[in-house]
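Chemist: One-letter residues, chain by chain:
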Amino acid sequence: MDWLEQELKQALDRKEPSPDFAERVRRRTRGDGFRTALWPQRWLAAAAAVIVLAGVGLGYREYQGQVARQQVMLAFRIAGAKVNHIQTQVKERMR
Amino acid sequence: MIGLVSTPQVGLDFDALMRQHQSMVFSLAYHFLHDREVAEEVAQEVFLSLHRNLKNIQSPAHAGFWLRKVTVQRAIDEGRRRARRPQVALEDVAEPAAHHAQEDPMLRDKLRRLIATLAEGPRAVMILRYQEDLDPAEIAEILGMPVATVKSHLQRSLALLREKLARRSMGEM
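Protein chains in written order, with our numbering: chain C, 1 to 95; chain G, 1 to 173.
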């Protein structure tokens with residue numbers, strides 16, 4: 001190893017991080033653990049939200065179906081009334 | 001292979017690993033990024049990653065290898081992400097002030113600056129070689145590159161440094 005390589009070893013020697021480095025990492029690992037511990041709760045909350053949204057969606061579709069059914073029934077009733085009226089008139093004229 | 005894979009060791013102490021390796025991890029990041037604050041951030045991320053992956057670490061030697069590898073990769077990623085210092089060819093960098101180390105207290109700082117301007121691959125090789133005192137085979141394993149490439153990076157980088165220093169000392173005559 002020549003003088004330049006010796007100099008490079010000195011230039012690139014190890015340095016110490018700031019004195020509170022380890023403590024900051026430890027704090028973050030505790031936060032990390034806390035976040036990890038929250039994962040099941042987050043999954044449950046997300047699953048519950050999906051179920052609620054799906055339920056609301058299904059309920060809304062059912063409501064729309066009922067409204068449509070009522071409209072169809074109303075249309076049938078109106079049409080039936082018209083047909084009855086026409087039949088009555090036809091019978092009267094045929095007499 | 002450096003004999004890293006062994007029977008899994010139960011109960012590796014994270015705090016002990018951090019105490020043992022924090023200067024190595026920080027220095028790799030610092031010499032690579034040339035920014036103390038950013039290097040500390042990278043080093044913290046590396047140890048958080050170690051904490052999350054501790055169950056996969058099989059021995060203290062494996063931890064050392066893993067930390068070197070992850071630190072270099074994180075430092076490369078951080079350097080790319082920040083891109084705060086444009087890559088400058090070694091030939092274009094201002095020349096070191098003197099030939100003889102003993103006569104120039106600034107030489108080591110100049111050398112660090114020169115190293116920091118190398119491209120990612122040669123820079124990582126030089127830092128692992130002269131900070132960590134690793135041989136080319138070990139460096140090749142950490143960086144996932146052929147040994148011949150490692151040797152080539154070393155030779156070329158050293159030659160460029162010598163050329164800069166020689167030109168400088170001729171200019172002083």
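In short, the hints are calculated from the structure, not lab data.
Keep in mind that a hint or two might mislead.
Claimed, not checked - Rough simulated footprint, nothing fancy, chain C against chain G, three-plus residues with beta-carbon under 8 Å:
1) 12-20
2) 29-42
3) 47-59
4) 70-76
5) 145-151
6) 159-166
As the structure is a prediction and not an experimental result, all values here were calculated from the model.
Glycine is no exception: its CB is placed at the ideal position from the N, C-alpha and C atoms.
Chemist: Would you mind marking each hint as holding or not holding in the structure?
Modeler: Here is how each hint holds up against the structure:
no.	hint	in the structure
1	12-20	holds (count 4)
2	29-42	holds (count 4)
3	47-59	holds (count 4)
4	70-76	violated (count 0)
5	145-151	violated (count 0)
6	159-166	holds (count 3)
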